[in-house]
Structure formats: C-alpha cells, structure tokens
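Could you put the whole structure together from the sequences, leaning on the hints where they help?
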Amino acid sequence: MLVAIRFDDKNPWFSWSYIESNAQTLLDALVEHLYLTAVSIVIAAAIAIPLGVLAARSKAAATSILSISGVMYTIPSLAVFALLTPYLGLSSDTVVFGLVMYALLILVRATLTGLRQVPSEVIDAAGGMGYGKGQLLARVELPLALPSIMTGLRIATVSTVALVTVGAVVGHGGLGQLILSGFRNNLYKPQIVTATIMCVLLALLCEVVLSLVTRALTPWARRRS
Amino acid sequence: MGEEAVVNPIGAAFTWLNDPLNWTNPGGVVDLVVEHMYLSGLAVLLGCLIAWPVGVWLGHTGRGGTVTVTVSNLTRAIPTIALLSIFPLTALGFSTWSVVIPLAVFAVPPLLATAYTGVREADPDARDAAVGMGLSRFQVLTRVELPLAVPHLAGGFRTAAVQVVATATLAALFNGGGLGQIIARGFGKTIAAGAGEILAGGLLVAALALLVEGVLGLAEKYVTPRALRVAAAR
Numbered sequence: 218m219l220v221a222i223r224f225d226d227k228n229p230w231f232s233w234s235y236i237e238s239n240a241q242t243l244l245d246a247l248v249e250h251l252y253l254t255a256v257s258i259v260i261a262a263a264i265a266i267p268l269g270v271l272a273a274r275s276k277a278a279a280t281s282i283l284s285i286s287g288v289m290y291t292i293p294s295l296a297v298f299a300l301l302t303p304y305l306g307l308s309s310d311t312v313v314f315g316l317v318m319y320a321l322l323i324l325v326r327a328t329l330t331g332l333r334q335v336p337s338e339v340i341d342a343a344g345g346m347g348y349g350k351g352q353l354l355a356r357v358e359l360p361l362a363l364p365s366i367m368t369g370l371r372i373a374t375v376s377t378v379a380l381v382t383v384g385a386v387v388g389h390g391g392l393g394q395l396i397l398s399g400f401r402n403n404l405y406k407p408q409i410v411t412a413t414i415m416c417v418l419l420a421l422l423c424e425v426v427l428s429l430v431t432r433a434l435t436p437w438a439r440r441r442s
Numbered sequence: 134m135g136e137e138a139v140v141n142p143i144g145a146a147f148t149w150l151n152d153p154l155n156w157t158n159p160g161g162v163v164d165l166v167v168e169h170m171y172l173s174g175l176a177v178l179l180g181c182l183i184a185w186p187v188g189v190w191l192g193h194t195g196r197g198g199t200v201t202v203t204v205s206n207l208t209r210a211i212p213t214i215a216l217l218s219i220f221p222l223t224a225l226g227f228s229t230w231s232v233v234i235p236l237a238v239f240a241v242p243p244l245l246a247t248a249y250t251g252v253r254e255a256d257p258d259a260r261d262a263a264v265g266m267g268l269s270r271f272q273v274l275t276r277v278e279l280p281l282a283v284p285h286l287a288g289g290f291r292t293a294a295v296q297v298v299a300t301a302t303l304a305a306l307f308n309g310g311g312l313g314q315i316i317a318r319g320f321g322k323t324i325a326a327g328a329g330e331i332l333a334g335g336l337l338v339a340a341l342a343l344l345v346e347g348v349l350g351l352a353e354k355y356v357t358p359r360a361l362r363v364a365a366a367r
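If you read the sequences in order, they're chains U and B.
Under the numbering used here, the letters of the first sequence match residues 218 to 442, in that order.
Under the numbering used here, the letters of the second sequence match residues 134 to 367, in that order.
Note that these hints are calculated values from the structure, not bench results.
In this text, a Cβ means the ideal position worked out from N, Cα and C, and glycines have one as well.
Accuracy of the hints is not assured; some may be wrong.
Unchecked claim - Stretch by stretch, here's where chain B covers chain U in the computed footprint (C-beta under 8 Å, at least three residues): (1) 292-301; (2) 368-377; (3) 393-402; (4) 415-429.
Structure (structure tokens):
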C-alpha cells in the first residue's frame, strides 16, 4: 500500500512530481499518523489523570507511580515494540500500547505538579464553603491544575507525533512508514524528506493548536500574566 | 504474514540468550554492545562539546532562557528515524558520523538546559562574595559557578546519555550498527521464526538502558560535592 512510484532517477532531495503522483499515499500515511497519535494521547490521558489525582492524594502512590513510570520511560521505544510484537503481532495495537506508555509518564507528572501547585488557602476556602471531596476536585483543584496538565498534554502530543514513526518496524508508523520504505527503496530521498517535513509540520501544528486550546480553556491564566 | 500465534516467545528468547555462540560470535551480543556503547559515547561527547560551553556561557551572562526552551521544543518535534535516515544520504555517507551526529542532536537539549540552569541558579550570595573577594568574572565562573552547577551538569549528562543509548537502538534500522541489530534481524524474519530474537533483543536493549541509567545515577551522587549532597537531602 505504501510503495511509492519512482519518477526521477536523479533522486533529488525534494520533488513536486513525487508529491503530486503520491498525494494519496502521503495523505493515507498522514491520516494513520494522526489516528495513532490521537488514540494514544486519549488513552494515556484517560489513565494518567486519575493516576495523577491518586498520586497527589497519597505519598506512597506518588513514589511508586513515578518510579515505575520512570523505569518504563528509560526503555527504548524499539525494545518496547520488540517486547510486545510476539504477543500483539504486527498490529497498530503494538504501536498504541508503546505510545501510551511513554505519554503516560509525562501526563502523570504534569497532573501531579498541577495539583500540588493548588494553594492550600483555596482548598481551605472551598472546604469552608461546604464543598465535598468530589466537588473540590472537579470544581477547584482540576481547573487550577489545568495549565500544568495542558502543558503536559502538549509535550506528550508533540513527542508522540515524533515517536509514531518508530511504529514503522511493525508496519504501522504513519509517515515513519514512508521514511523507512523510502530508505529501503534505494534511499529514495524525495519520499524520506517529504515525510520528514510533514511529520515535523504536524508536530508544530499540534503545538500551536494545543496552545490555542490552553489559552481558551484558561482565560484567568492569561489575564494574570 | 507473521500474524500466527507464536508458541512460546519467552522460551524462544531464552533459548537464544542461552546459546553462548550468540554472545561470542563475530557480530554477537558482545561485539554489538561494544559498538553500541562506542557510538553512544561519541554522540554524548559531541553533545557535551557543543552544549556545555554554550549553556554555561548563556547561564553566566543570563541570556538565552528562551534559546534552551526553543531548542528542546524543536528537537522534540524531529523524529529520530528521520535524522538517522537522512544523514547517511548527505556527504557523510554511511559512516560512524552519520549515526553519531543524529544521536548527538538529541543529547543537546538536556545538556544545554541543565548547564544553563546550573550556572544561572548558582547561589547569588556565593557569587557576590566571590566578587567581593576580588575574583575576576572568569574566576567567578570557574571557582564558584561551575562547582555549584556540578549536580545539574551531572543530572543532564545522565539524562542525555540514557536517551542516546536508547535512541542508538534505532540506528540498526538504517544500517548504523549497535545492539538494535538483533531486533532488526528478528523483524527481518516472520514473527513466528523471529520472535525469540526480537524478544531477546528487546530485553538486552532494555537491560543496557537501565544499566546505564543505574551506573550514571551512582556516578551522579559520587561527583556531587559533599556540601551540596547534604543540601539536596534536606
């Protein structure tokens, strides 16, 4: 599906004709890239935010969660995919599992940092106003931790966009698939360079979009600074 | 292809790891670890040569907080495999440097950021006292700011080195060598036939990264001046 057709024997660094004749292939790879990133970030956030809340509540939980995720973060991505492949096969599950693992650490840390920064007076005041624990979390602590969580989300997303490419080893690397197959297809430069540029642009676009979302979600932070 | 269930991947991996020839043969585990550490070592060295002087200078002058943030944001957006596949296509060709330079790129951000922070956050009282004692700006840097920055520099070195050792695994996909070759070889077969090699390679690479992390963690404690160790413990 991702085999590019070679037009130019001179193998230039960049070629419009490559892009025109492979537009569908590039688009498919971009869509897969976005899909893998989005799924991984959503799953990671769904696990990480509750874990972050748990870590903020208990010191023992914080220590064990942070040290386990620290060890996981040290393990190279290729090793993670290698350890999962015999069980999950050459599937996008393998890639998503690995990506979730890496995003998890960043997001747990960000949630924990955000919750720890909530001023104790604010919590006391909310308690005095009769807020229960759940209300306190949902209406005071999480909103105040949001800037930190969003920073974590931005870093995790940009890192994930870059990391998806490694999924090429199991055949689901989005744009990374084009980089690897371009390399294997007689070092076909236009394909490698086009896919690289698209990947970097996608990461920067995610950065910009998430910055805008953060601004929209936390108007108070903007007013203060 | 390859989607069929593997009978016992762990068993196959241990069979592979238990074969002494897989370790001692030319191109076996021992050779690959040496090559992996050689490439990683050069990359970290190159990263230090670039990032430390720049970071220390930026920290000393107090400029460039944004530079360090921008560098780390930009490198985060660049896929490692893109650089590993592009550098061999340049004038460098397939050489040690076409692997070492891409790896060094990813070593720079942590080294730069910690050098900047370390020097920047040196105790202002200590700096003032040194100036009051008549030390020149250069002496303040070498005798006060740098020693105080050692814990930061060591922490950045560990982060960078672990990252490079981990990233170097990917070089194997682009004929760059290193321990990742065992995984790459396994992926070259069907999953059923290669599962043992893939899993064994994954375990070896993970173990190497954790070992480097552990050893450098100890080294970090060792190089931190005793006075700062006490301060950190508080």
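Coverage of the stretch 415-429 of chain U by chain B (three or more Cβ within 8 Å)
Three-residue rule met by the stretch 415-429 of chain U, so holds; n is 5.
Three or more residues of the stretch 292-301 of chain U near chain B by CB distance under 8 Å?
Holds: 9 residues of the stretch 292-301 of chain U have a Cβ under 8 Å from chain B.
Per the coverage rule (Cβ-Cβ under 8 Å, at least three residues), is the stretch 368-377 of chain U covered by chain B?
holds (count 3)
The stretch 393-402 of chain U covered by chain B? Criterion: 3 or more residues, Cβ-Cβ distance below 8 Å.
holds (count 5)
Hint compliance for this structure: every hint is met.
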